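Peer 1: Chains as they are written, first to last, in this note's numbering: chain C, 1 to 201; chain G, 1 to 183.
If a hint is listed, it holds; no wrong ones were tucked in.
Think about it this way: if two alpha-carbon atoms lie no more than 25 Å apart in a straight line, the pair counts; the simulated BS3-like pairs of lysine-lysine are:
id, chain 1, residue 1, chain 2, residue 2
1, G, LYS134, G, LYS123
2, G, LYS179, G, LYS120
3, G, LYS61, C, LYS74
4, G, LYS175, G, LYS123
5, G, LYS130, C, LYS52
6, G, LYS120, C, LYS52
7, G, LYS32, C, LYS55
8, G, LYS158, G, LYS32
9, C, LYS77, G, LYS63
10, G, LYS61, C, LYS83
In silico negatives: residues of chain G with every beta carbon more than 12 Å from chain C:
id, residue
11, PHE65
12, VAL133
13, SER159
Facing chain G, according to a computed beta carbon distance under 10 Å, are these residues of chain C, among others:
id, residue
14, PHE8
15, PHE13
16, LYS75
Hints are computed from structural coordinates only; laboratory data are not their basis. Predicted, not measured: the structure shown is a model, and the values here were computed from it. For every residue, glycine included, the Cβ atom is placed at its ideal position computed from N, Cα and C.
Here is what each chain is made of, one letter per residue.
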Amino acid sequence: MMSNDEKFDMYFFNEMNAKEKQSFEDEIKSSKQMEEDFDRYKKVFALVHDSKNIKLDALYTQTIIPNFRNRLEKKKKLSILVKYGYAFAVLFIAVIGYSIITNVMNEKQNLQQIYTRLTNDEVNSLVSEMNIDAENYYDENAIEKIDSIYNIELVKDVNASLYDNSIESGYKDINIKELDQYLSDRDIDLIFAELSKKEII
Amino acid sequence: MQDLTNDDILIKNFIQGDESAFNRLATKYQEKIYWHARRMTGNHLDADEILQEVLIVLYKKLKTFKFKCSVYTWIYRITNTRSINFLKKNRLRNFLTLNEIKSYRDDSNNIIADLEQRQKLEKIEKAIQKLPVKQREVFIMRSYDEMTYEEISKVTGKSTGALKANYFHAINKLKELLKNDEQ
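Kindly produce the complete structure, drawing on both the sequences and the hints.
Peer 2: Next comes the structure, spelled out in structure tokens:
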């Protein structure tokens, strides 16, 4: 069922046929509430109708297109400036990047050139200075930690190698005296303990 | 139909480089664009700003117009979208600057020469500005532009049911506002 608002709307926009119009007008006459409602609806539409075909001042309408053209010109100039701005920024970054890379490469080359000019004695002297410096940064805790990890890996390797025949031949080439200089007392104790466990010794 | 054909010719001439064709097209629709923007925003300055923006959009996008709908529908859609965006921007600006949203801005630009007409316009404009945007747009399209719900649906993308509901809410609210005004 259509609401009164829908009926008013169809009536005002001529969307009713003659029969529907007549029925609607009869309905309004028979209901005071509907008539009052319809009157308020008519007032809204009367105001709309009055404000519908208002003409704009010719002085204003004549300025619309010229103002639009001015704005368009300004936007075009601005977009050209923006494009040049971007191009300049890209060029600037490329130049900076290129100069940084060439500086780094030049420095590397310079270092290489310096190194080739040094005599053996000069190189050894530099290396020994570096070692002295390194000793100043000797970190006992770090060395211990590295040693403990090394010991764990060494034990693993010893265990694995005991059951690995393929590396047996490698042992034959090992000079024990030479090996000894690389093992600390602690390493030797560890190896001895493992070998004891395995009842090899 | 004649109008449509003329619009198509103007567009094709513009695409081929005839700037005067664009001017003629713009002149033909400038008042329709202005009045829709004016009714949405409630004041001349904002309407003028939107009109200029719409003309710039048309100038840039007309070359991509695919003739799938009438030029007028296309222009109307752009104008409606721009008007709604403008209102949202203004609302945000007012919120950020803690200004009260002025539902009606008085401007005496005298672009409407007749005083009586100006007064009638001010009365209905004040009332329309109190409607929420969704109700306002459908009320303007239905009452001022005499568009069917199907045509409004093509412009706004909303269903005819939703449009009818918004429209009748708008009418009832305007009835109340005008009734209070009289009292």
